[in-house]
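*Asks:* Listed below, chain by chain, are the residues.
Number of protein chains: 4
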Amino acid sequence: MKVINLGCQLTYSVMAPANFLFQISVPQNNYQSVWNEGFQTTPEYELQVCDTGLLGNRTHRVLVQPGEFTIGYQAVVELYQVSSLDTDLIEVAHADLPADVLTYLNPSRYCESDKLMKFAWDTFGYLQPGYSRVQAIADWVHNHLSYTPGSTTSTSSACDVLLQCSGVCRDYAHLCITLCRALGIPARYVTGYAVDLQPPDFHGFHEVYLSDRWYMFDATKLAPVSGFARIGAGRDAADVSFATIIGAADSMYHYVWATEGVSDNTDNRQPMPNDALSSA
Amino acid sequence: MKVINLGCQLTYSVMAPANFLFQISVPQNNYQSVWNEGFQTTPEYELQVCDTGLLGNRTHRVLVQPGEFTIGYQAVVELYQVSSLDTDLIEVAHADLPADVLTYLNPSRYCESDKLMKFAWDTFGYLQPGYSRVQAIADWVHNHLSYTPGSTTSTSSACDVLLQCSGVCRDYAHLCITLCRALGIPARYVTGYAVDLQPPDFHGFHEVYLSDRWYMFDATKLAPVSGFARIGAGRDAADVSFATIIGAADSMYHYVWATEGVSDNTDNRQPMPNDALSSA
Amino acid sequence: MKVINLGCQLTYSVMAPANFLFQISVPQNNYQSVWNEGFQTTPEYELQVCDTGLLGNRTHRVLVQPGEFTIGYQAVVELYQVSSLDTDLIEVAHADLPADVLTYLNPSRYCESDKLMKFAWDTFGYLQPGYSRVQAIADWVHNHLSYTPGSTTSTSSACDVLLQCSGVCRDYAHLCITLCRALGIPARYVTGYAVDLQPPDFHGFHEVYLSDRWYMFDATKLAPVSGFARIGAGRDAADVSFATIIGAADSMYHYVWATEGVSDNTDNRQPMPNDALSSA
Amino acid sequence: MKVINLGCQLTYSVMAPANFLFQISVPQNNYQSVWNEGFQTTPEYELQVCDTGLLGNRTHRVLVQPGEFTIGYQAVVELYQVSSLDTDLIEVAHADLPADVLTYLNPSRYCESDKLMKFAWDTFGYLQPGYSRVQAIADWVHNHLSYTPGSTTSTSSACDVLLQCSGVCRDYAHLCITLCRALGIPARYVTGYAVDLQPPDFHGFHEVYLSDRWYMFDATKLAPVSGFARIGAGRDAADVSFATIIGAADSMYHYVWATEGVSDNTDNRQPMPNDALSSA
Chain X
1 MKVINLGCQL TYSVMAPANF LFQISVPQNN YQSVWNEGFQ TTPEYELQVC
51 DTGLLGNRTH RVLVQPGEFT IGYQAVVELY QVSSLDTDLI EVAHADLPAD
101 VLTYLNPSRY CESDKLMKFA WDTFGYLQPG YSRVQAIADW VHNHLSYTPG
151 STTSTSSACD VLLQCSGVCR DYAHLCITLC RALGIPARYV TGYAVDLQPP
201 DFHGFHEVYL SDRWYMFDAT KLAPVSGFAR IGAGRDAADV SFATIIGAAD
251 SMYHYVWATE GVSDNTDNRQ PMPNDALSSA
Chain A
1001 MKVINLGCQL TYSVMAPANF LFQISVPQNN YQSVWNEGFQ TTPEYELQVC
1051 DTGLLGNRTH RVLVQPGEFT IGYQAVVELY QVSSLDTDLI EVAHADLPAD
1101 VLTYLNPSRY CESDKLMKFA WDTFGYLQPG YSRVQAIADW VHNHLSYTPG
1151 STTSTSSACD VLLQCSGVCR DYAHLCITLC RALGIPARYV TGYAVDLQPP
1201 DFHGFHEVYL SDRWYMFDAT KLAPVSGFAR IGAGRDAADV SFATIIGAAD
1251 SMYHYVWATE GVSDNTDNRQ PMPNDALSSA
Chain B
2001 MKVINLGCQL TYSVMAPANF LFQISVPQNN YQSVWNEGFQ TTPEYELQVC
2051 DTGLLGNRTH RVLVQPGEFT IGYQAVVELY QVSSLDTDLI EVAHADLPAD
2101 VLTYLNPSRY CESDKLMKFA WDTFGYLQPG YSRVQAIADW VHNHLSYTPG
2151 STTSTSSACD VLLQCSGVCR DYAHLCITLC RALGIPARYV TGYAVDLQPP
2201 DFHGFHEVYL SDRWYMFDAT KLAPVSGFAR IGAGRDAADV SFATIIGAAD
2251 SMYHYVWATE GVSDNTDNRQ PMPNDALSSA
Chain H
3001 MKVINLGCQL TYSVMAPANF LFQISVPQNN YQSVWNEGFQ TTPEYELQVC
3051 DTGLLGNRTH RVLVQPGEFT IGYQAVVELY QVSSLDTDLI EVAHADLPAD
3101 VLTYLNPSRY CESDKLMKFA WDTFGYLQPG YSRVQAIADW VHNHLSYTPG
3151 STTSTSSACD VLLQCSGVCR DYAHLCITLC RALGIPARYV TGYAVDLQPP
3201 DFHGFHEVYL SDRWYMFDAT KLAPVSGFAR IGAGRDAADV SFATIIGAAD
3251 SMYHYVWATE GVSDNTDNRQ PMPNDALSSA
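As you go down the protein sequences, you meet chains X, A, B and H in turn. Residue numbering for the first sequence is 1 to 280, as defined by our numbering. Residue numbering for the second sequence is 1001 to 1280, as defined by our numbering. Residue numbering for the third sequence is 2001 to 2280, as defined by our numbering. Residue numbering for the fourth sequence is 3001 to 3280, as defined by our numbering.
The set of hints was computed from the structure by calculation and includes no laboratory data. Keep in mind the model is a prediction, meaning the values are calculated, not measured. For glycine and all other residues, C-beta sits at the position ideal for the given N, C-alpha and C. Warning: the hint list may mix true and false statements.
[Claimed, not checked] In silico lysine-lysine, DSS-like type, Cα no more than 27 Å apart, as pairs: (1) LYS3115(H) / LYS1118(A); (2) LYS118(X) / LYS3221(H); (3) LYS1118(A) / LYS2221(B); (4) LYS2002(B) / LYS2221(B); (5) LYS2118(B) / LYS1221(A); (6) LYS3118(H) / LYS118(X); (7) LYS3115(H) / LYS221(X); (8) LYS1118(A) / LYS2118(B); (9) LYS3115(H) / LYS118(X); (10) LYS2(X) / LYS221(X); (11) LYS3221(H) / LYS3002(H); (12) LYS221(X) / LYS3118(H); (13) LYS1221(A) / LYS1002(A).
[Said to hold, decoys possible] To give a feel for the contact side, a few chain A residues facing chain X, derived at Cβ under 10 Å: (14) VAL1062; (15) LEU1105; (16) ARG1109; (17) ILE1246.
Taking the hints into account, I'd like the entire structure generated from these sequences.
*Replies:* Take a look at the structure:
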């Protein structure tokens, strides 16, 4: 079990009344427990908690008036250890997949798995199915791409990235997801906080459904997966933007942190009220 | 209130054990009641009912052995009349949209709304928001495209279709959905049965969230919207394929029907058991 | 007849021996005479004049050693007036087009006219053929796009630009060329110097073959066509890059000028030697 | 030296007066001599010979009236043997490339070399430059693609083909050309007749500039390169379509042949008049 102190502080310059949607909080679920969670805004606003459906993502919505606006979030998260018998994990036959997992086989905006069927089968079809094949896909993507901030835009898709051989964390994840889906393996995009990520920022990675649940992978290898705390999951980055702004506002500052270890106030930590939590 | 007799019969030649996913049945919900529903397969198989999540689509899954395989479905559906005060319907401010509707603002595989933001605002931004603007989008798409079977493939997206100026029903719907989302109006893809569609087939159209619920539109104008019975809804056609086949099987025959009027056995019609129904 | 003083000065930081190809000089041809042309480089290098084929573009090639490198070019150009009976210009029937013009009907890298056939015919097919239709295309592109530096990259094509509704001069030209070719009207990309362009820079525009020769158009409307001196022509921007660098070098400064009027040294102006000239 | 008998017969149904451009004849040049060449049309028309510029392609143009129209072409071609010291062929430094070859470094419609720079360098950059690297590219493309008639359309580009892993001869050539250009190696598309091609048809392949001239390669490996007679060369398939039709006409029949060996009438063969020939 690991204990992570994490949080972020985001500051905006708001020109006209703007509606913000934030996906920056960590939900409590089978993979992680959340303690001492807190939000602060300056000026003070009440945040509306939206549960955007099946995925368990907790979205916070707030209508902000012109001026400078800052939102802060912090929490202590315990990550439950996953048994390391990874090599026994299997790809599940389509007929046996849970119904709510089927949607993660469909192509999505940035993951055009329908276009890469033959590419995926030609490249990975001969490998032994299971955990090792999914890891081989992540390794292949790691070697195929160069991590290059600025080389992609918000409209770049897995096919674009495969051709240009460069990208950032979301692009690595999109390409892995696309190749998995093309092989019939459910895969989804996950955002989160990552211990030891340099420079510190929100992180994007991917989860693959194996045996009986979702497992995290990170083709960037920028930080250890064992230090990832999930924020939300979606089909691809279109679903889990950290901040969606409807209106006129510019980002000014942006701090994110995640460190391992017991925080000063862990001794008297208090569980979050249940009604503030979602489960994935 | 309209009563529709509808159904389909699909025959496949199965070469090796194949897993089928069908989205051909009509769910009971606020828009439609379903009576005397029935499935038959030859040879006889038990169909597994999957509820694929939030959308309420009912998917039927069956693992089929080699040989000829036929699935039939029929139902009597009552469509509830929608008041015709369409011109009063409003576009809902982002801050007021229900949380479960937000996902239909995101771009999806065949609806790259992130690429058409300026196009949509330049073309429709000056129009009065509300029902009339959404109808104007459907009219524009109707005029911009030529209905041309064979002009698109299963990988064609809204951007492709906008450039090539031709497509079939799914392409019309994808382009409308994309333009709506680019304007901040939630829109989704719907499949269904359509009375008076020539030639008879499954149909694809789109729904837009206005005022307080989803309203149907059909840019193809091939059949009256008042005769549409919904099968399922999704982000785009990737989510609501009529038949998904994992394995080796070819489609042989394919009949679809939908006719208005009281069927012979309406008098002694029986409601479907509740546990077989989904709600949208 | 107009007299234009024009030129440029380009400075690079060269890290390792690099081969430069410049297309910055103005060729003498039926549209323009060139006087008092001169090149200077610091340090001093001999420039190799390459005539890159059919188009008459004059390319200067030079292999540069590490260090700072500056190339300067200046000339006095007389532009021959074109009679203004533009409305009489006709689109030439395919059977009557000169053979060397046919290549400008083919799609090219940034002008995918094969993808926009129906779009072009639907939008402009009903217009009276001739000069006015070609002008209508330029006007349509002018209105459809917003001039937005930074909105496109070196890989953006006419289809990209049509969808995103923004671009810079090369994008305006590419879209016009594409729509013309799709209608069967030969069109090509031209680079040049433009009097009164703000901010001063090289310019990209397009030429269309009407009646019996090429006519210039500029959908950006940033400067009067009557003050354009041609550098080179090609299928699209891929053919007429101002500077192509093979090796490690960065651009440091970049000045371009073009002003109308008699220069101080016009009285004793000397014609360029013929062997230094190309004809288009 | 090889002697090839070759030709074709193409029949069209012409609905309205249509202008045809044919690129089906074999030019005389340094690589091949042409004897006993002949054209026939039914009904009889005079063919206009167009020399479409730098490339030496001979295009025949004819305006055809409604009705059935057949064009036939046949020739005897001697192919000059190329010395087989292929492994000595070198890639030419950019500074030393002939000026008329530079254009074949530019990206073109179906060969987006500007998009595959990093892909090409990552995959082939570590290989020894020269003939063996160009052959390695052709071998890689041969293995990466499956030859699948119907898998691509007339708008498919090298990037499309790289992603979908299938195509026909023109797609193999486009991908090879694109990868070569991305590495700075001039490459172009060539059409021709091929001995032993099954089924017999026109063929598309590619040429690469090495040492001091163009060398043929064929990534499809469907027929021996030593039996290829060139029709024309261009940047990609956009430049060398076998038949371009402006007007309303449908292809009805289409025969192509190319066989090695002395034809019956070789003994009294007559050289073609010079004015009917082009040189590449």
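*Asks:* Against each hint, give a clear statement of whether it holds in the structure.
*Replies:* Status of the hints after comparison with the structure:
1. LYS3115(H) / LYS1118(A): 25 Å, holds
2. LYS118(X) / LYS3221(H): 21 Å, holds
3. LYS1118(A) / LYS2221(B): 21 Å, holds
4. LYS2002(B) / LYS2221(B): 19 Å, holds
5. LYS2118(B) / LYS1221(A): 21 Å, holds
6. LYS3118(H) / LYS118(X): Status holds; Cα separation ~22 Å.
7. LYS3115(H) / LYS221(X): 26 Å, holds
8. LYS1118(A) / LYS2118(B): The hint holds at about 22 Å.
9. LYS3115(H) / LYS118(X): 21 Å, holds
10. LYS2(X) / LYS221(X): The given pair, whose Cα atoms are some 19 Å apart, holds under the 27 Å limit.
11. LYS3221(H) / LYS3002(H): Holds - the C-alpha atoms of LYS3002(H) and LYS3221(H) are around 19 Å apart, at most 27 Å.
12. LYS221(X) / LYS3118(H): Within the cut-off at roughly 21 Å; holds.
13. LYS1221(A) / LYS1002(A): Given pair LYS1221(A), LYS1002(A) holds - Cα atoms ~19 Å apart, limit 27 Å.
14. VAL1062: 9 Å, holds
15. LEU1105: With a closest approach of 9 Å, the LEU1105(A) hint holds.
16. ARG1109: 4 Å, holds
17. ILE1246: Hint holds; ILE1246(A) Cβ to chain X Cβ min 4 Å, cut 10 Å.
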